[in-house]
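**Q** Here's the letter readout for the chains.
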Amino acid sequence: MPLTYCKPGEQFQVTSLYGGQGFIKRLFEMGIHPGVILKVIANSGKGPVIVGLDDTRIGLGQGMAGKIMVKPLNIKEGVR
Amino acid sequence: MKTIEKNKVITVALAGNPNTGKSTIFNALTGGRAHVGNWPGVTVEKKEGSFKYNDQSFSVIDLPGTYSLTGYSIDERIARDFIVRKRPDVIVSVTDSTNLERNLYLLTSLIELGVNLILDLNMIDIFEERKGEIDIKKIEEALGIPVVLTSGLKNTGIEKLKDTIIKTGGKNQGYLKIDYGPDIEKAIENVELQLAGINSPYPKRFLALKILEGDIEIIEEIKRQGFDNAVQAGVYETSKLEKEFGFDLETEIIEKRYGLIQSIVRRSVYKPAYAEEKLSTSDKIDRILTNRWLGIPVFALMMWITFQLTFTLGGLFADYIDAFFGWFSGLSSGWLKEINAPSWISSFISNGIIGGVGSVLIFLPNIMILFLLLSFLEDVGYMARAAFVMDRIMHAIGLPGRSFISIILGFGCNVPAVMSTRTISSEKDRLLTILINPFISCSARLPVYLLFTGILFTKNQGLVVFSLYTLGILVAVLSAKLFKWTIPILKGPVSPLVMELPPYRIPSALGVIIHMWERSSLFLKKAGTIIFAGVIVIWFLASFPLSAEYAGEASLAGQLGKFIAPIFRPAGFPFWQAAVALFFGIIAKEIVVGTFGTLFGGEGKLAAVIPVYFSQLSAYSFMVMSLLYIPCIASIGVIYRETNSWKWTAFSVFYSVLAGYLTAVLIYQIGSFLL
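Order-wise, the sequence lines are chains U and V.
Counting from 29, one number per residue, gives the positions in the first sequence under this note's numbering.
Counting from 146, one number per residue, gives the positions in the second sequence under this note's numbering.
Derived from the structure by calculation, the hints contain no laboratory data.
Since the structure is predicted, the reported quantities are computational estimates derived from the model, not experimental observations.
Be aware that one or more of the hints could be misleading.
[Claimed, not checked] Derived contacts from chain V toward chain U, CB cut-off under 8 Å, selection only:
| hint | residue |
| --- | --- |
| 1 | 153 |
| 2 | 154 |
| 3 | 213 |
| 4 | 395 |
| 5 | 533 |
| 6 | 641 |
| 7 | 781 |
[Said to hold, decoys possible] The calculated DSS-like cross-link candidates involving lysine-lysine, where the alpha carbons are at most 25 Å apart (straight line), are:
| hint | chain 1 | residue 1 | chain 2 | residue 2 |
| --- | --- | --- | --- | --- |
| 8 | U | 95 | V | 322 |
| 9 | V | 349 | U | 95 |
| 10 | U | 99 | V | 636 |
| 11 | V | 792 | V | 626 |
| 12 | V | 416 | V | 283 |
| 13 | U | 74 | V | 416 |
| 14 | V | 626 | U | 74 |
| 15 | U | 35 | V | 283 |
| 16 | V | 322 | V | 299 |
| 17 | V | 636 | U | 95 |
| 18 | V | 231 | V | 368 |
| 19 | U | 99 | V | 401 |
| 20 | V | 416 | V | 368 |
| 21 | U | 99 | U | 74 |
| 22 | V | 283 | U | 99 |
[To be verified] Counterexamples of contact, computed for chain V against chain U with all Cβ distances above 10 Å:
| hint | residue |
| --- | --- |
| 23 | 271 |
| 24 | 335 |
| 25 | 343 |
| 26 | 399 |
| 27 | 448 |
| 28 | 542 |
| 29 | 646 |
| 30 | 647 |
| 31 | 666 |
| 32 | 674 |
| 33 | 762 |
Cβ atoms here follow ideal geometry from the backbone N, Cα and C, with glycine treated the same way.
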């Protein structure tokens with residue numbers, strides 16, 4: 029499902045990205061690529077979607093967030 | 146292979162993502178002493194410093210924070226150009242250890258550039274606080290480069306870093322070659338073959354990869370050198386690979402890099418699950434400030450407070466500065482009389498230099514307070530959020546969310562405002578943001594408004610001034626729409642906003658002051674150079690021929706004014722003094738006031754003389770003209786430097802003059818008809 033529908037506070041894994049080359053590349057370089065785990069920090073339906081990647085917070089416009097497909101996830105154990 | 150001789154200065158460049166604490170490392174290395182300048186040809190800030198360690202001198206350059214070296218944004222191109230052309234002895238790749246995978250992506254690009262590298266795992270204190278463990282040896286082995294743990298904030302590991310820099314500076318490292326798998330490797334090889342004999346500071350493999358990644362700048366450079374075959378080979382290989390495997394080559398290459406990073410990080414880093422069940426304070430604040438209902442009202446309130454403080458506090462200081470320059474000018478002219486200086490020298494110093502520069506410095510408090518408040522909001526972390534809050538509104542105008550920052554700065558001074566557009570990565574959006582900025586009413590226009598409204602609109606001064614600010618914004622918005630609609634290269638959708646948000650924090654007072662000073666000093670430099678030169682020109686035009694009265698009708702200035710004046714008949718102010726004032730206003734808007742002062746026989750007499758020449762309507766029309774036409778020489782200069790195009794600079798000048806003239810005429814004509 030697109031990131032725009034994700035509730036704040038939950039964790040998701042990125043499955044795929046849609047959009048132009050420049051857009052995808054930009055996100056990839058910032059660390060948002062398939063497989064990565066994101067936490068949705070803020071999403072009020074309008075305005076930005078803020079996601080957390082470890083300690084980093086990345087803001088995305090609604091349009092952009094809609095192009096990021098994710099699946100829900102709940103990871104508690106350590107990552108080695 | 147070069148070895149470092151004694152006495153040679155070792156050059157060190159710091160590269161890294163934004164928010165990795167690069168500047169704290171820079172400060173820790175250099176002790177905070179930095180020379181801040183600009184990168185040649187562009188106005189991205191360049192920070193340089195130096196230090197001594199074990200009798201060895203070092204010079205340090207802080208490269209712009211980037212995520213990669215693809216050349217999408219100016220920052221990336223600068224970092225890349227510096228690395229390959231200036232060949233620093235050592236590059237320290239500063240990374241955030243709490244977020245290693247993402248941070249190491251830039252390192253892969255650096256590795257491919259074949260430079261001498263040190264990996265600096267910064268913010269190690271936070272990482273260790275969370276009980277993380279890193280096996281340095283394993284990372285060193287895997288990457289083939291030395292690794293140092295530092296905390297710029299706690300100033301640990303800095304000695305070790307310096308030692309490592311000395312050790313690394315002299316030798317060429319053998320690193321790992323990133324393996325893209327047999328199919329892509331074959332393609333790289335084929336493209337590389339076509340590059341035989343190319344004269345480039347980049348390694349051939351890097352060039353080949355960039356061709357396959359579709360890096361426009363590199364491709365153009367290669368074409369310029371006549372290696373079209375290599376580019377064609379790249380296109381051929383790309384389409385072949387994409388057809389065969391159904392993937393997109395560019396993203397496939399990036400994924401391969403991440404794959405390598407992941408495997409290294411998995412082997413050498415242990416990170417316990419970071420119990421993040423409850424949201425941090427910063428996150429909670431974000432929920433409120435970016436909320437769909439509260440976001441815009443909060444933003445409006447912040448801006449309202451900012452401007453209130455700017456103009457109330459700024460006004461207090463302005464009076465003192467004004468009084469000081471009046472006193473200083475009197476003092477100097479008295480002194481010059483005493484030593485029997487020729488009267489033209491006396492006039493040059495008192496009228497020209499002190500009076501002219503003084504009239505500009507009056508705005509310094511306004512500008513410093515505005516920039517202080519904006520720097521505070523930025524360092525707190527709010528500005529980045531505000532860009533998102535404003536994104537939807539800005540989009541409706543056809544601008545990206547970030548351009549609001551340059552609009553707000555424009556209320557202080559258009560020069561730093563135009564410079565601030567460099568954070569907009571899309572060239573198209575950036576150009577549009579630059580082109581509309583001159584219409585934002587900077588603080589230098591305010592004295593013009595105050596002069597006229599103070600004399601002619603005493604009852605509703607505030608309202609009239611407010612209407613001019615609003616008109617400026619309106620013209621900016623309509624122009625943006627017009628440009629977007631008519632100018633082909635500005636067409637197309639606005640690039641979407643994605644930006645890293647730094648956590649909210651209470652900034653250090655010193656940090657905010659430095660930040661404010663960096664911007665205000667741009668204004669001071671303008672006062673010191675361009676305006677100073679302009680003031681001399683005005684004084685010259687007003688003084689010669691020597692037989693004529695200073696700034697009188699017979700002076701060069703007066704003759705020029707007489708020549709231009711008739712053009713302004715439809716706008717309601719067809720007399721030479723207005724034309725001269727506007728002409729000199731090109732140097733800096735505030736000079737309009739000073740010029741009237743000189744031409745009407747002293748600023749003290751203006752209250753009596755202005756109503757003779759101006760009606761309320763023609764004064765308003767004159768203020769509109771002052772608002773809209775060319776902000777000042779300094780802004781023309783900065784538009785040229787930022788667009789790097791005489792064509793766009795000329796366009797901006799002509800368009801603004803035309804917009805000012807037509808709006809003034811329109812207002813005067815409609816006004817005369819109605820009143």
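**Q** Is the Cβ of residue 646/V more than 10 Å away from each Cβ in chain U?
**A** violated (4 Å)
**Q** Starting from residue 349/V, check that the Cα of residue 95/U is at most 25 Å away, please.
**A** The given pair, whose Cα atoms are some 35 Å apart, is violated under the 25 Å limit.
**Q** Would the pair residue 99/U and residue 74/U pass a check requiring their Cα atoms to be no farther apart than 25 Å?
**A** Roughly 21 Å separates the two Cα atoms, so the pair holds.
**Q** Can you confirm whether the C-alpha distance between residue 74/U and residue 416/V stays at or below 25 Å?
**A** violated (34 Å)
**Q** Holds or violated: residue 95/U with residue 322/V, Cα cutoff 25 Å?
**A** violated (33 Å)
**Q** Within 25 Å, alpha carbon to alpha carbon, are residue 99/U and residue 401/V?
**A** OK: residue 99/U and residue 401/V at ~23 Å, within 25 Å.
**Q** Given residue 533/V as an interface hint, is its Cβ closer than 8 Å to any Cβ of chain U?
**A** holds (4 Å)
**Q** Is the interface hint for residue 395/V satisfied, with its Cβ closer than 8 Å to some Cβ of chain U?
**A** Given a least distance of 6 Å, the restraint on residue 395/V holds.
**Q** Minimum C-beta separation from residue 335/V to chain U exceeding 10 Å: can you confirm that?
**A** holds (22 Å)
**Q** Keeping to a limit of 25 Å between CA atoms, is the pair of residue 283/V and residue 99/U held or broken?
**A** violated (33 Å)
**Q** Does the structure keep residue 322/V and residue 299/V at a Cα separation of 25 Å or less?
**A** Outside the cut-off at roughly 35 Å; violated.
**Q** Taking the closest pair, is the beta carbon of residue 674/V still more than 10 Å from chain U?
**A** Holds: least Cβ distance 38 Å, greater than 10 Å.
In summary, the numbered hints that this structure violates are 1, 2, 7, 8, 9, 10, 13, 15, 16, 20, 22, 23, 26, 29 and 30.
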